[in-house]
Each structure stands twice: as C-alpha cells, then as structure tokens.
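Novice: Residue numbers (my numbering), protein chains in the order written: chain A, -18 to 452; chain B, -18 to 452.
Which copy is meant is left open, because identical chains are indistinguishable; a pair holds if it fits in one copy or across any two.
Derived SDA-like pairs (lysine to any residue); straight-line CA-CA distance at most 25 Å:
1) -11 / -1
2) 423 / 439
3) 191 / 399
4) 432 / 38
5) 432 / 422
6) 324 / 15
7) 423 / 433
8) 327 / 243
9) 320 / 12
10) 324 / 347
11) 327 / 421
12) 423 / 77
13) 432 / 39
14) 423 / 436
15) 423 / 27
16) 191 / 112
17) 423 / 141
Hints are computed from structural coordinates only; laboratory data are not their basis.
Protein chains: 2
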Amino acid sequence: MPAVDELKRIVGEPHVLQGEQAEPYQVDWRNRYAGRALAVVRPGSTQEVAEVVQWCVAQRVPIVPQGGNTSLCGAATPDGSGSAIILSLARMNRVRGIDTDNDTMVVEAGCVLQAAQQAAREAGRLFPLSLAAEGSCTVGGNLGTNAGGTQVLRYGNTRELVLGLEVVTAEGEIWHGLRGLRKDNTGYDLRDLYVGSEGTLGVITAATFKLYPQPVAQCTALLGLASVRDAVALLSLARQGFGASLTGFELIGGNCLHGVVQCYPQQRIPFEGPSAQLPWYALLELSDSESAEHARARFEAVVGEALEAGLVSDAVIAESMAQSQALWHLRESIPLAEKAFGKNVKNDVSVPVSRMADFVETTNAALQARFPGVEHIIFGHLGDGNLHYNVARGQAYTEQALLGLQEDIYAVVYESIRQHGGSISAEHGVGQLKRDVLPLYKDPVELALMKRIKQALDPLGLMNPGKVLQG
Amino acid sequence: MPAVDELKRIVGEPHVLQGEQAEPYQVDWRNRYAGRALAVVRPGSTQEVAEVVQWCVAQRVPIVPQGGNTSLCGAATPDGSGSAIILSLARMNRVRGIDTDNDTMVVEAGCVLQAAQQAAREAGRLFPLSLAAEGSCTVGGNLGTNAGGTQVLRYGNTRELVLGLEVVTAEGEIWHGLRGLRKDNTGYDLRDLYVGSEGTLGVITAATFKLYPQPVAQCTALLGLASVRDAVALLSLARQGFGASLTGFELIGGNCLHGVVQCYPQQRIPFEGPSAQLPWYALLELSDSESAEHARARFEAVVGEALEAGLVSDAVIAESMAQSQALWHLRESIPLAEKAFGKNVKNDVSVPVSRMADFVETTNAALQARFPGVEHIIFGHLGDGNLHYNVARGQAYTEQALLGLQEDIYAVVYESIRQHGGSISAEHGVGQLKRDVLPLYKDPVELALMKRIKQALDPLGLMNPGKVLQG
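Modelling step: build the complete structure from the supplied sequences, incorporating the hints.
Specialist: Now the structure itself:
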C-alpha cells in the first residue's frame, strides 16, 4: 500500500481523508454499495487534479472520481480492496464565468447543479438541466453520466448542453478544451466521448455550458387519458401545436397519482368522478416567450383539439403559477410516494416513442403471466421515450418475496426492452449495477469498440475500474 | 497493385469503375484536388460495404469514402498514388423508413440531402439540415463533416440531429447502431465520434435522424446596423423575444449586398437613401407554430424594441411569403456574387459571439496593416458565432497577386482566431486543406488523444489516409 504523504503535499494535508473521515465517501447515498478507499483526495484546482493523477499513474493506484455521490448505479463507489483513491471534486465548485452575449457559462465539476442554475438565473439566463437530485448532485456527475431530467424534451440531455470541456487525462495531462463555440469541425469529438463515460476515461474538471433565455411564462395542464396509445397521439399533436414551446410531457399511471394523494393528503387530484379514476394522465408544460395569457390561450386551443379528436377524456389547465406548480408537484411527488406501494423493482427504460404503448402492454402482460398480481408503477418522460417502469408487490407478494424475484423481473423487462429496440439505461448510466448485464444487451461490435477506446485512453486501466466495462 | 476481380464479385462488375469512368470521382467539384484511385467501388448494401472493407484490409488497400463529392477541403479525394479505392456510397440512397410517432427517419449515407428533406416533408415533418450544396451533397458527407448550414441556431449541426448510426468499422465489421432513442446511457458515445471524423475511422452507411414539426409560418426581416457590436446586442434581444422561434440570424456586410445587386440587377436592397448605405445588415428568420399574422406581430414588437434601443437604424419586415423569400434570396446570392470582387481568400471562422465584434475589428485592422487596400467580404451565421470571413483584392491587388498572398493572409486570420478563442474550421471540416496547419492551432493534448483514437479504431491506417491527421 503506497504512502499518501505525497498526496498531502499536492492537495494539502486537510484534504486527504482516511479512516472515519473517509467513510461517507465510501458508501453510496442509497446504501446499496459500500467500498473502501486508500484515501479520499480533495484537490482544489485542475493542476492539483493533474498532479494527483500523475502520482496515481506512477504508483499504479486506481482512481474513483466522485461528485455529489448521488449515482443510482454505484458509479462513484470504489471496490472493497482499499487500493483505489476516491478523487472528490467537491472543492472545485466555482462558476468560473458567465458570458451573456455568447450565452455560455463555465462551471467547475464540483459545483452543485442547483448553484449552477442559480448563477445562470442571476445573470438573466436559463441553465435548463434539472433533475430530482439537483440540490446535491454536481455538474461533474451530470457530465459523467450524461444526465437527463425533466427538460430533455426541449433542451436535450447534458451532452447537448455542453460546448467545451476541461479534462485531466488518464495520464495526468490537462486538455484545455473549454471552448465556447457552437461550431468547430476540427477533428474528433472528444467532448462527447468524455461526457457519459462515467469517469472511466479521465477526469472532467470543468465544462462550458450553453445558456438559454428565461421563458416569460410557464403553464401546465393535466389531461386524463384512456391509453398509452392516446398519449402518444397527444404528444404528436402537442409537438405540432406548440413547437419548441412544449418543454414537458410526462406520462403518469392513474395508480401513481392515487399513491401520491394517499401519502400526502394535502395534495389532490384535480378531477372528480370518473375523470379521477382514469388509467393514465399526461402532464404537459408550455414555456412561452410572450405572456401567461398567451400560454394559456395556446393550451386551450391544443387541448380543445385533443378533446375534439377524442384523445383526451378530461383536462385541467392551470389558471395561475401556483396551480401550475401544484400540478408539477403531483408528478414530482411520485418517487417519494412509491413507498406506499412497498419497496419495488426499478427500471429506467427507453424505447422509441412509437413503440411505447406496445412495450407497456406486452411487458405488463409478460410480468403478470410470470408473477401474477404484481403492481405496475409507471411514469416518466414520454416525450423522450423514457419511462420509469417499476414493479411493486401489489397484494400478491411480501416485500421480501418481491425483492427475491428482482433478477427474474429484470430479465423479463430487459428482454422486452430488447425486443422493442430500447435501452436498459435511459438516463442513470451503467456504473456497477448494469455492468455485467450490458454485454447481453449491447451490440457486440459496439462493445468491442468501447473496449478499444478504453484501452487507448486509459491503457493502465486506472480510471474508475469495474464501472461500465468488465475489468 | 492488387487485381480488382474480387471487388467485382462483391458489388457486381458494373459497379467497379476504372479508367475514364473513374475520372469524375478523382477530382473534387471545385477542381482544387486531383488524385488517382485503383478503382471506384459502388456497393449497393451495407453487407457489400463490409465485404469491400474486408477485402481492402486483407490486401492493405486504403479506402477513401465518397458521397456527393462536394467537400470544400478535399476530404473525399484520394492522393495521387493510385493505391486507394474510392468507396462511393451513391447507390445506397434509400430512405429506409420514417416513424412519425417517434419523429425519426432512417436514411442511407448515399441519399442526397434534398431527397431526405423531401421525404420528411411528405410525411408532414421537417428535417432541418439545410445548406447550399443540398441538391448534390449526401447525408453521408453531412455526417462525415458534421455539416452546419442555415438552421443551426435552432436545430444544431448535423451531430445534434442524429440519434443512431450504422457503421462499417475499419476492419469490415458492421455496427448495428440505428437506435431511435432520445436517451440511452449505456456506454461510450461512439455515434458522435464517427460523426465528424471525415471517414477516417470507418464508413457510416446509414443514420437515424430526428425530425421536427413543420412550422406553420415563417417570416423574415432585414435590419440595418451601424456595427457588429450592435448586431450582437440585437441577437441577444431577439433570442429573448423569440425564444426557439428564432431560426435564423445572419450578419451581412453592406458591401456584400451591393455586390449582389451589381451581379443580379433584378434583385434589390429594400432600403433607400442612407439606410441603403449602412455598413452592416442582419437577416432574421422567425418560425412560428401559430400563424403568419402572429409571426409578423411578434417581429413588430421585437424590431420596435430594437429601434427604440437604438440598436437598429432601419428595418423591413416581410409582408408576404414572397417578400420573405426575396430577403433570403439576397443572402443566399452572396457566395455567387462574390465573383464581382474577384477570386478571394476564404475563411470559415467561428469565435464566441461575445468576441465577434472585436474579432472583426482587429482582424480587419491587422490585414489592412499588412496588406493595405484589401477588401473584406464578411457574412454568415452570427447566431452560431460563425462567419465567412473572406478577403478580396479591392483596388489594390490583381487577382493573381492576392492569391499569391493566400498563405500569409491565412496566417494573419488564423492567429487572430487563436487569440479570440475560435476555430479555423467552423463547419467545413479539415480534409487535406487544413490538415497541416491543424497542429499549429489545436491543443497538443487533444491532438495526441485524437491520434490514439485513430490508432485504436483504424490500426492499419487504411481509412481515408492523409485526411484530418498527418500520416
């Protein structure tokens, strides 16, 4: 085990943590993965990151980069050997600069996502990346996993928000790639290669992000639907009617909404009678560059068309900002309200939007055939072809019995995803969780190319070993 | 020299061209680059491409992929040795399918861009990639160079329009990656690596593209400006006022408009008196999802605000579709009208929008100091930070004298690009033209990483040798 004195010299003694101090970094936030590290190293600058990596290369010490430690796949947790360092980027948390004429912002990897959003807002701009963990996740982690979230329909995943990167390579060199250019065709796209590589090719230390104008008004509506097929037709109609102003289109199973109001009685479903008992709902968000009145008028036109076409059974259009927020709050409360259904088996699925209805029908049927009585908890970003497709115990199983079936449930769902041309990880990444199943669902030529890239950019295999690819 | 009989067996005898038949493929369309090929091979399917590549690997024969042969950088022309084959994708020109619910389209590499646009239009959708060569360039070439064009401000470069790829690797394997997913975080982003690699890593045979709703109405306006600085401020105001409906923002030097009406007397500048003699103009395009009246009303509001703020000297908002088209036609005629200024030295520059005014001022001054009397022909996509910054002889030089100064002019312009954090190739790529200057302007760490990728994915160096990277 190499001595860490040299690391203390590089980053300063207080920033090399061992023993008890290191513990919170060694376990993921959901307590699903626990590892052990030689030390937690917290560099304060890109130069220090480079020197730490150079030391690791010389000593053959593996490196596990870590941001807010909010991975859902164990991507930031070391193995149990105690041979790796955890490289925490938390101290590199500055917004280095905002350029409003260029609509760009340079942010360090350790900056908490909410702080980056806030900095943009104070400059009169929108940084549209937004997701549940935004109060604690860091932009470095968002970059590492190519995070999605609630605004993808309009603004894309993290990858589409990045213009430039600063990276410390696996050999400890600094790539100064913080370009603020919307066009640059001078060679291979290394930027998008590092984004989404989950720390296995190098360490992203900063990024240049695109900014957007703040919308003048936002309005939401909740629409009741008979089927996923109708939801897909409604999406098409809404995209045509709203264009790029359509910034959200969430599908929600009726039982999810009932779970929310059961857990949080102060919330309510804004329908009564049969409209409150529909199998599906869609939450639409419109961002308008004119006015709240204009947003509402557009909603009325498109929702009217959908009602007339028989796609929608009932609809509520928010009449105020508060009402808009209450509707979003219903949607956002679903993950927390899931406990009402007991611990469940979670899937982060994407399929082409056109195959979504068929995917839900056939997967539900296959699960009921194999595991009669399980309950389907389905909600998510239909506009992106991305569903949280979760399976709960229903009346038929104990929590423990259901969790015992977890691998079998995954197998049924993943096989259906394969048949529908989808992905087993839409926005959460691979990490440790899906590393070993990835070869079963990934094109073998693609997987072989990935291994060549890994070998080329990290020949010693020190960057976040055991994540994404098998060792 | 290996015999080509086996190639004839793979693709059929009529599709292996040699001698006179091969000539048009061996010279680029501007007659700047001429090479010689062992043969031109025109496979009809992905399987045939794979077999051709396998044969080339076995025989160590280099491969130069070619689409519509419209490269501006000699990227699709072989060297003079006659050792390489030209792999023409022209026969693979099908639109394989359009999925309107998923808003995607699968197109083969040899499909002419205009045919792809047309197929989308017939399905009631917009495929927004649009550029001057669209009548003859192919989507394979667009993918290879990550082509830009006139709609980048709203829809991004080619890269941002791609969801999936089918690729024949440098070893002749087929990567089946034609996913139609907007979210898929299961490993490294190979898609964006092949896009923009100019055929040096493998052969793209097909792609899954994003489609968008057709706008209900489009409206343009031409605004007269005193400076580039005012144009940048106007862009900011227009982005705020129009949001994603702003689909075009072109900057045009006053002398460019005068060149157009001199060349094409049937066209006219829609201003009189001093307003027709301004140094700069901006052409704005608004795409509306409501109506032509709504588009015009929004233009009036934003242009009114710009006039009031003193950013704009005079403005014409198109009152009809025909007038909108006439304004665009002025802009589109500039490249053809450039002959009025004599042959010139062309640059495809990008810099951050916020540094654009400074770039133009200081580069103009540096050129005048070195080459007194040259004329500046400046126009382009200001909204993307991309200018065509061309240098003409003015009254001071003969055409031949100016072209003799070409390398010196490049050196002045490239140095200024470097100082302003820009790129020497915004949308045209590197090809042969900029291969040897690239190392002077690219971060050395980035260039070393590019070489490692090349080595990893094309270890024999057979894919489009001598393009992008030095051999």
